[in-house]
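2 protein chains.
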Amino acid sequence: MIFNHFETGRSFAEKLDREDKLRHFRDKFYNPEENTIYLDGNSLGKLPLATRENLKQVIDGQWGTRLIRSWNEGWYSRSAESGKKLARIIGAGEDEVIISDSTSMNLYKLAYAALRLRTGRKKIVSDELNFPTDLYVLQGLIDQFGEDYELKLARSENGITVSLEEIEKVVDGDTALVVLSHVAFKSAFMYDMKAVSSLVHRKGALVLWDLSHAAGAVPVDLQGSRTDLAVGCTYKYLNGGPGAPAYLYISKEIQEKLFSPVWGWFGEADPFAFDLEYRPAPGIRKFLVGTPPVLSLEAIDPGLDIILEAGMDNLRKKSVMQSQYLVLLFEQLLKEHGFSMGSPADPALRGSHLSFQHPEAYRICKALIEPQNTHIRVIPDFRAPDNIRV
Amino acid sequence: MIFNHFETGRSFAEKLDREDKLRHFRDKFYNPEENTIYLDGNSLGKLPLATRENLKQVIDGQWGTRLIRSWNEGWYSRSAESGKKLARIIGAGEDEVIISDSTSMNLYKLAYAALRLRTGRKKIVSDELNFPTDLYVLQGLIDQFGEDYELKLARSENGITVSLEEIEKVVDGDTALVVLSHVAFKSAFMYDMKAVSSLVHRKGALVLWDLSHAAGAVPVDLQGSRTDLAVGCTYKYLNGGPGAPAYLYISKEIQEKLFSPVWGWFGEADPFAFDLEYRPAPGIRKFLVGTPPVLSLEAIDPGLDIILEAGMDNLRKKSVMQSQYLVLLFEQLLKEHGFSMGSPADPALRGSHLSFQHPEAYRICKALIEPQNTHIRVIPDFRAPDNIRV
Numbered sequence: 084m085i086f087n088h089f090e091t092g093r094s095f096a097e098k099l100d101r102e103d104k105l106r107h108f109r110d111k112f113y114n115p116e117e118n119t120i121y122l123d124g125n126s127l128g129k130l131p132l133a134t135r136e137n138l139k140q141v142i143d144g145q146w147g148t149r150l151i152r153s154w155n156e157g158w159y160s161r162s163a164e165s166g167k168k169l170a171r172i173i174g175a176g177e178d179e180v181i182i183s184d185s186t187s188m189n190l191y192k193l194a195y196a197a198l199r200l201r202t203g204r205k206k207i208v209s210d211e212l213n214f215p216t217d218l219y220v221l222q223g224l225i226d227q228f229g230e231d232y233e234l235k236l237a238r239s240e241n242g243i244t245v246s247l248e249e250i251e252k253v254v255d256g257d258t259a260l261v262v263l264s265h266v267a268f269k270s271a272f273m274y275d276m277k278a279v280s281s282l283v284h285r286k287g288a289l290v291l292w293d294l295s296h297a298a299g300a301v302p303v304d305l306q307g308s309r310t311d312l313a314v315g316c317t318y319k320y321l322n323g324g325p326g327a328p329a330y331l332y333i334s335k336e337i338q339e340k341l342f343s344p345v346w347g348w349f350g351e352a353d354p355f356a357f358d359l360e361y362r363p364a365p366g367i368r369k370f371l372v373g374t375p376p377v378l379s380l381e382a383i384d385p386g387l388d389i390i391l392e393a394g395m396d397n398l399r400k401k402s403v404m405q406s407q408y409l410v411l412l413f414e415q416l417l418k419e420h421g422f423s424m425g426s427p428a429d430p431a432l433r434g435s436h437l438s439f440q441h442p443e444a445y446r447i448c449k450a451l452i453e454p455q456n457t458h459i460r461v462i463p464d465f466r467a468p469d470n471i472r473v
Numbered sequence: 084m085i086f087n088h089f090e091t092g093r094s095f096a097e098k099l100d101r102e103d104k105l106r107h108f109r110d111k112f113y114n115p116e117e118n119t120i121y122l123d124g125n126s127l128g129k130l131p132l133a134t135r136e137n138l139k140q141v142i143d144g145q146w147g148t149r150l151i152r153s154w155n156e157g158w159y160s161r162s163a164e165s166g167k168k169l170a171r172i173i174g175a176g177e178d179e180v181i182i183s184d185s186t187s188m189n190l191y192k193l194a195y196a197a198l199r200l201r202t203g204r205k206k207i208v209s210d211e212l213n214f215p216t217d218l219y220v221l222q223g224l225i226d227q228f229g230e231d232y233e234l235k236l237a238r239s240e241n242g243i244t245v246s247l248e249e250i251e252k253v254v255d256g257d258t259a260l261v262v263l264s265h266v267a268f269k270s271a272f273m274y275d276m277k278a279v280s281s282l283v284h285r286k287g288a289l290v291l292w293d294l295s296h297a298a299g300a301v302p303v304d305l306q307g308s309r310t311d312l313a314v315g316c317t318y319k320y321l322n323g324g325p326g327a328p329a330y331l332y333i334s335k336e337i338q339e340k341l342f343s344p345v346w347g348w349f350g351e352a353d354p355f356a357f358d359l360e361y362r363p364a365p366g367i368r369k370f371l372v373g374t375p376p377v378l379s380l381e382a383i384d385p386g387l388d389i390i391l392e393a394g395m396d397n398l399r400k401k402s403v404m405q406s407q408y409l410v411l412l413f414e415q416l417l418k419e420h421g422f423s424m425g426s427p428a429d430p431a432l433r434g435s436h437l438s439f440q441h442p443e444a445y446r447i448c449k450a451l452i453e454p455q456n457t458h459i460r461v462i463p464d465f466r467a468p469d470n471i472r473v
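In order, the protein sequence lines correspond to chains A and B.
For what it's worth, the working numbering labels the leading residue of the first sequence as 84, then goes sequentially.
For what it's worth, the working numbering labels the leading residue of the second sequence as 84, then goes sequentially.
Treat each hint with caution, since some may be false.
Each pair may be met inside one copy or between any two copies, as identical chains are not told apart.
[Unchecked claim] Taking lysine-lysine and the BS3-like style, the derived pairs with C-alpha atoms no more than 30 Å apart in a straight line are:
| # | residue 1 | residue 2 |
| --- | --- | --- |
| 1 | Lys139 | Lys167 |
| 2 | Lys167 | Lys277 |
| 3 | Lys139 | Lys449 |
| 4 | Lys139 | Lys168 |
| 5 | Lys340 | Lys277 |
| 6 | Lys111 | Lys98 |
| 7 | Lys205 | Lys340 |
| 8 | Lys139 | Lys129 |
| 9 | Lys111 | Lys449 |
| 10 | Lys205 | Lys286 |
| 11 | Lys235 | Lys277 |
| 12 | Lys129 | Lys400 |
| 13 | Lys400 | Lys111 |
| 14 | Lys139 | Lys111 |
| 15 | Lys340 | Lys235 |
| 16 | Lys449 | Lys401 |
Calculated from the structure, these hints are not laboratory results.
All chains, please: the whole structure from these sequences, using the hints.
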């Protein structure tokens, strides 16, 4: 097992690079600064060269030249088409994923729909490690549905993981929906999706996963884990570009029972009939709202192609090896300088990023990004109060 | 008065072109097909050359090179900054407009907020000429708020205009909100904003204008007309690009009383504190939701600059002259072939587009777009069942 053979020192690292079968994928991205080591794909993925080429065509050819005609030449179906492609990365059926709006908006739409479907149940469950935005959206829905509704958070005993027992404590017969991040944004803690789904379903509730830090980073199997609902962004590991539109997933089984709170024309049965009465489109399309931001939407596809070509299992294998190597370096080089691990030690409980904690994390990040005594720039991610995320 | 001097014939048209003070603005846009006459800026505006240059920098420089650092180098404040610029075009204060989401989403958020503010009043008013999407969003809100709520549409007697009397008939003491398009998408009928506002306010309701077919097409004075709320898209007359993010306006007077149904992190008081409890940002920013689609967002600014440089009054003057000229050509050349006017005859009652009706409108549009016997291609807009919009 390769994990026993890790060594510190440059020559060993170079050996790993040479043996890396995914090595040539680096050349599929725009790398203008050879001395910058970018470790922040967990926040904003890099620019694929194919996207760069594609955008030239979108701007000059589609917008600039074809103009309005481009709606019938690809734009109109892109939300569904890119959704189909993404479905292959997250273990979903091809009519179960659609690109739409932002992650927050999608969470709002799906959580609202779930509360309506489970009328009578008045509790939403999440956890303390969830991305705060997700909690904000849920708090807003509680405010909207009324005083007898509540949001209950499962506790994390160590700030890094949440046990299945803690989830079990807060999910009950009054729970309509459980909303969790598959991979936690700060600690990278990763839930066992299947185990959580099964627990949630036993109580008659629906489960909604936020895949923002998971899709493209770890293998995800939405169908296999019997997931009801999911949302996520495309601008991290999927390399879709800054603020690229997000996606939503609805299990085929419940698609016809769920309705969006926002009755938009891209979700209407026949938008160009301009009928005065709304009729929801069949299937998942009814969760589309308004005209999508085409430049950002058209930037998504090439990044998905790269993931599909590399293969999620290969990516996971490399990711585990890299992060285990990094843990070794941490043990041997960083620990004595007041750093501690902010992520689970067991790679099976982690996504693909790692958090290291240090009281001076903010200044350390700053020094890495704007180095004074070296020409090598390293870009990690700072997450308050003391996390360096790589 | 120039309207008396219109003549048919090419030499007169060329004379008008020569005398056109805005003539050089054509060169600020990408015009790759010299034989294409694009008359569909009311649906998708053309690509400004400055946007084309700007996008290269956004893609290679900001995303490709600066990566995550770009958030602090312009992206994060762009929604507010472009909002300030747009405010100057629509007569709003600089803290009253923000770029966000799609028009439908913004209408949803603002109409929801208005219904909550006017709790107890259970009626929303709109009209039969409104863009169907706007009606869909309102129908969705009615469904959400409950059975005792209703959407009431003011009638149009002729399918082209709506009289103030018809509005007055349906607005009463139970009306929470009146939602109208300043310029109707099909007929181009334009309301007197000030007169409607004053009527609505007398009944204690709020007024919300959809400016999608107005902003950049006609002078709009939101403050002068005492408008409470407005939404609109940036991809028509403002030339922001396909599906470019929309905007919303909230009068300073009521900003602190309104709250978004979607509690998103870009609308949170201090998003990067990652606090678990949502606190709305002060002012209009609380109506932002998730991460904006940066490529599409960054495409908006140069189009706004062009409008500001040309001046709305100059644009309106030219637009009225052009459309009056077109009406003359219609009278002399088209009328006898079964065409009729689908827009008000009085330019003061119209936005900047014109609709002509013909039973064969669909086929006529098709023949103009894909000409068989001429090298000149004309791109108008077909709107079911029988409108040719230019």
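Hints violated by the structure (listed by number, smallest first) = Violated hints: none; all satisfied.
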